[in-house]
Amino acid sequence: MATMVTSTKTVTKTGKGSGSKFPGPNGNGKKNGHEFLDADSRAHRYRIGMWVGLASIAMMFTALSSAYIVRAASANDWFPLAMPRVLLASTAIILASSATFEVARRKLKAPTVAAYSRWLLITAFLGLAFLVSQLIAWRQLRAQGVYLSTNPHSSFFYLLSAAHAIHLFGGLLALLYLLVRARHVLSDGAVDVRRRAAADAVGIYWHFMDVLWIYLFLLLFFWR
Amino acid sequence: MSETHEVHRHPAPTGFIRKYIFSVDHKVIGIQYIMLALAAVVVGMLMSLLMRLNLSWPGTKWSILETLFPAGAPGGVMNPEFYLSLVTMHGTIMVFFVLTTAPQGGFGNYFLPIQIGAEDMAFPVLNMLSFWVTFVGFIVILAAIFLSGSDSTVGPIGGWTGYAPLSALGAIAGPGQGMGMNLWIISIAIFCVGSLLGALNFITTLLNMRTRGMSLMRMPLTCWAWFTTAVLALLSFPVLLGGGILLLLDRTAGTSFFIPGGLYVSGVLSGSNPNFPLHTGGSPILWQHLFWFFGHPEVYIAILPGMGATSHILATFARKPVFGYRAMVFAIFAIGLLGFFVWGHHMFISGMSPYSAIAFSVLTLSIGVPSAVKTFNWIGTLWGARIRFSTPMLFALGFVSLFVAGGITGLILGQSSLDLPMHDTYIVPAHFHLVMGVASIFGMFAATYFWFPKMFGRLMNERLGQIHFWITFVGVYSIFVPMHVMGLVGMPRRFSSFTEYEFLKELHPLVVFVSIAAIITITIQLLFYFNVFWSMFKGKKAGDNPWEATTLEWNTTSPPPHDNFAGVIPSVYRGPYEFAVPGAPKDFLMQADSGAEVTSGNGHNGHKH
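So the sequences go chain by chain: P and S.
Taking our numbering, the leading residue of the first sequence gets 7, the next gets one more, and so forth.
Taking our numbering, the leading residue of the second sequence gets 29, the next gets one more, and so forth.
Calculated from the structure, these hints are not laboratory results.
Every residue, glycine too, gets a C-beta built ideally from N, C-alpha and C.
Do not take every clue at face value.
[Stated by the list, open to error] Just a sample of chain P residues kept apart from chain S, beta carbon distances all over 10 Å, derived:
#, residue
1, I54
2, R77
3, L94
4, K113
5, A121
6, I128
7, V138
8, V152
9, R201
[Stated by the list, open to error] Listed below are several chain S residues computed to face chain P (Cβ distance under 7 Å; list not exhaustive):
#, residue
10, T232
11, N236
12, P266
13, V293
14, L306
15, G309
[What the hints assert, rightly or not] Okay, the calculated bits of chain S under chain P, using three or more residues with CB under 8 Å as the criterion:
#, segment
16, 164 to 171
17, 275 to 282
Here chain S stands alone, though its shape is the one from the complex (with noise of 0.2 Å):
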């Protein structure tokens, strides 16, 4: 009896509801998150594009938009709340639905196990009913926007941050702040669970379930990234959830955490209405505290699986060994750590005391020591090899651009004196567009034309790629180096137009330009969407290993299995990325080449005999 019976511990489902629908394959479930973010993606696209059309040609009739939300859009001009509103749910959709479920549910669900050898995820259920949450809290965003119980909005217009007083008050804070808020604070709610049950499930996987040989220093740094990004979702969103249960106490049973007294908002004194009840002593900073506790990790969550991708596809690309695996790991673990002593630094006009922002500035800056060392290690990686320059590689090339040219601004948004001025102007959004929006994107581009030959078998369109990289690539910097100018002139965020602003005026010009900018990078994305379609079906046939990479996802077939390795789990005998090794028969070692011992010059054997 070998153990090649005992893996089948859930024989592959034959039913069309628990194949594709139900399914506990983590395979599956990594594909219904990808999916589930595609969808969220271009909801969230459609609205930075009306966004921009507002902000670039105010006062422009839109009719489509007075059929669509006849009061949100009167006449089909935009009214502020409805821009408010949209800010608030771009925003919402794209940080939870999108940067949080394609990295790690998506990509790290499908991968993660196949990576490290096991046959599926520790608890192949947690990890259905985590997509299906997850699903749920979609549903109940989407509801926002439409039960939102006031028609002039779209949902909420508290921005994606949902600060209080404003979002503890109810509808009379303003449109969309009745129902829609209850709904914007249930939806997040079920979200943080959902994404609870998925940290579980991670973390215990990775610790729990790796293949014989696969130590933690012979792990890809994928998984590295993945494991960090589980934790950092594990300890920050229950506190987003607590944060979420006090809100919503003081919003319908007229509690008073965030809510301060004596409030007089919309000529409605507290306690004198039965709309606005009595509220005394809450702390509305008290909401920030909590919010950017959670806030701060979560665009670590974003970003760090782009990381991690970047780093396997630049080796494998670039055919050598990871610059530096170790200081690699340890970089992520530092700025995994360093994410949760650092989310003052986004209260800095919060009234704290200069010396809580001094201590906040002096540990955000310390963040640059770890990405410092990630960026050299990715240039280091990268000096004097002979790079192939397919899709994936340059969206990975890519990844590295957008994160040093948005974590500069880093640099300078991170001190408290550079801050007080630049706070909530064009600045803000650039810098964290770029770093943590874009270059995440760009991470999953870099992630979904890797690893697409793994997941259908076939090869995504080469040329349809490259289109799609330069004129995105060109595209993003096009949009958002233009806001750190006028950031710097000083233009305010979440306005919904400047016509009245004289020292604005002449900024006009490059609003629009960025707005182009922005119609051609959205509509560019087209391609993509085609390109993922089309070659599931019509694309070239992938073969096993079509990248010539070295980590386990390469050993099994494409698309792999539903237990993966069909039964016979591969063991480890190396370190992740050894390309290029002095004496080996072939320019890469797979992790699991039992083959010929070879001299060991530069590969990154976790294991020193």
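Looking at chain P on its own, in the form it has when it is part of the complex (with noise of 0.2 Å):
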């Protein structure tokens, strides 16, 4: 058996702050630590882990896409669905609602948060637009008599649009959580910046639905 150490404690307390040869190139002190710097490392965590969250739901987005591919040259029982126009509208409207948010995003730099706001709730307008027009798809596809379960195109079509709803639903849910911080009164910087960063990293997930739809809109109506 191993002696004991006990003088690890010393070493413990003087270890931070009393200067270091070797600077440390990462972690959160880059600065002796202050809360402004501890936000900011907090700040830079909410864009990590969306970045991160973000390469996991593109991934089952791969696997879906490459299931569509493969079942699509598999078999001779692929009958393509025509688009329902509406489809586009939903398009239009979630470009939209991505170039708004951009412009909410911008007025969060200015000092009132009411402009701010006002954005936010029209992009969230318009990501409810969205669903409802993508609803309405559905449903014109089901008066025609094509579900689910009709041909493989049409499965393909309900679930990778179903999954993309419920995605971006969640997004909606984000939206909603940036209006209700967004009425707190600033306070201090430490405030400031994660707000701003929960922006950030909301944002960044908005415009990656929409970049996820275009993307399924083309392979469902444009890829043959």
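Using the supplied hints, reconstruct the complex from the two chains, each of which is provided in its own coordinate frame.
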């Protein structure tokens, strides 16, 4: 058995702030810690977490896309749907919502949050309008007698558009969260940094949902 | 105003529920994951025990079985479907709820933040959710045993790989394939979500929360292993989730992703019966691709944390730096990366083009290179060392032994020409149980004995640990080496008994031998359970650094306080394995030792200045 080491406490105590011969290139202590810096690190954390999360969402849609491509090629029962026209409107709406979100994010730099909240609200309404137009597309297809199990292409259309809609709904909830947070009065710099980080992270997600829909739209109706 | 105060992001909770049940403390969550694995492994082991009993003494009446599963074991004799469902549930529970939860969710959760000098994970609430989501997944998989929709089995019968079309057809495909299979898919989907939340947290924590001076190349190899594992989980579980959704739709919504046309199952033609709707054109092979694209990285998710722990423990008990730290890091990465390009080697007999098979073969064999780098570096670490043979070290050495013994057959099975005759014989379970099952478990045993004093402030009993090691070590070889022989003779996997095959009859003594070895090995695990729970309360007090180790977790108290370092986060001044540094006052220098400058001869300091 090894002997006990008892001298670690002093080492711990002198560890931080005693100056370092090797400057720490990473980690959250770039300068000696202040609350603001910590908030900065937390802000960075939201963005990293969002990108990492999007990587996994992208992987799921990649898997479903490859299933789509393989399934399309593997049998002679592949009869593509005619595109419901309303999907063009969906696409336009979601593109517009990305633009309005960017406007909102720019307004965040202004001293007042009123404009920020207003543009967030517009973005949320556009998001809702997108979901409604998707619903209209599904109802139109259903009225034509095209269901989930009608043929492989309709299966993939319902599946992919629903999976995207569920993710977009999550984005809507995040927008509502930003709206609620925007009502709080700014007290100090740390809160400001965190609010911007939250807006940035939601923005990344929202734009990703936009790009994802464009991709799915092209895959479903223009990939042959 | 120092940073001492602001690091208390969430004060230590006081109520029992917030402290031990819905805790956001990564240490409590880590222990919860370990407890979940300790419970799940009992279920999985009992299932393997039942399988061994049936294989070696077929036809024996086990009255307890008749009581518990009256239709699965009529008259106390197990029927083949019951056996198949044991195969399925043993594999599923072991792979998902033991080999994925304990190494990563358990030890990773507990020690990754401490080893990089963070107070908690990046997203503590998400961390709590990831455990409870996983827990719900476990409840659902247990429900699949009891609500399988058919009383003759203990769950679905399609194996842990859930191959279509058997898995895609519903109750018509066999007992347990109705509601049992639905619950199986739902459980796996839930598990995917839990793992993804965990992986997101691991990656963000490691990238964002390292303490001052903890550069990437100063991280302990355990952290590299957990990080790579998290990346693998992040990129592979979504694929399984996507496949699972397609499978569930095939079963419940009448789609045909995986079900080909014109199937005739249990006397019913597809489309001629409301129980079996019309399907056309689906591709069963598509499921195999999606499943194995996840499934192969999954085996590295199971083994990489064990590799990390082994490197860590070998250096500590050999009192030498890890040989070739940098090469070890790149080997971990290479194994993780290559793991994404070899899934086809599980599908050599699926009718794939021989050219694809060659490509998959070559890529598979190339994993031998980073694996050999790791193995030789482990040996290099041990070379000429004055080794302290404590229990953690014994299990780490056992890991190396099992990894080599199991990995060698990977080189055989990875070649399509050899795999064709060996596929679905006992050599396959022999291979993956050694390299992925038992080796990972040995890694976790090593980690348990090593970190137990940090987690509970008390050492595990050394004598019981040594007995546990030697019997388990001899036991697992006695179980799995004979299986190679059975496989070469041609004994097929998944069969519930071999009494009807003339050419297998002379193997029966070997089958009985394996079963006896399994019974002894399983029984001796009681000693481990006893040791864990006894030592928690009665073990010898450990102190802060009982193994004279170097990394940050040994800088804090045992067990660590709620925020890990009592508000004073250590800075890091050197690499993780500075043992036997020439000119140093002790034979080890801790990462947080800022002390006298020493001439760093063989310490692995990532930063050359």
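Going through the hints against the structure:
1. I54: violated, 5 Å
2. R77: violated, 6 Å
3. L94: It holds; L94 of chain P is separated from chain S by about 26 Å at its closest Cβ, greater than 10 Å.
4. K113: Its Cβ never comes within 10 Å of chain S, the nearest being 28 Å, so this holds.
5. A121: Its Cβ never comes within 10 Å of chain S, the nearest being 30 Å, so this holds.
6. I128: holds, 29 Å
7. V138: holds, 24 Å
8. V152: holds, 13 Å
9. R201: Consistent with the label, R201 of chain P stays out of reach of chain S, its closest Cβ about 17 Å off (over 10 Å).
10. T232: holds, 4 Å
11. N236: Result: holds, 5 Å to nearest chain P Cβ.
12. P266: This interface hint holds because 4 Å falls under the 7 Å limit.
13. V293: violated, 18 Å
14. L306: Because about 9 Å separates L306 of chain S from the closest Cβ in chain P, which is outside the 7 Å limit, the hint is violated.
15. G309: Since the shortest Cβ distance to chain P is 3 Å, the answer is holds.
16. 164 to 171: It is violated, with 0 qualifying residues against the three required.
17. 275 to 282: holds (count 3)
In summary, the structure is inconsistent with hints 1, 2, 13, 14, 16 from the numbered list given earlier, while agreeing with the others.
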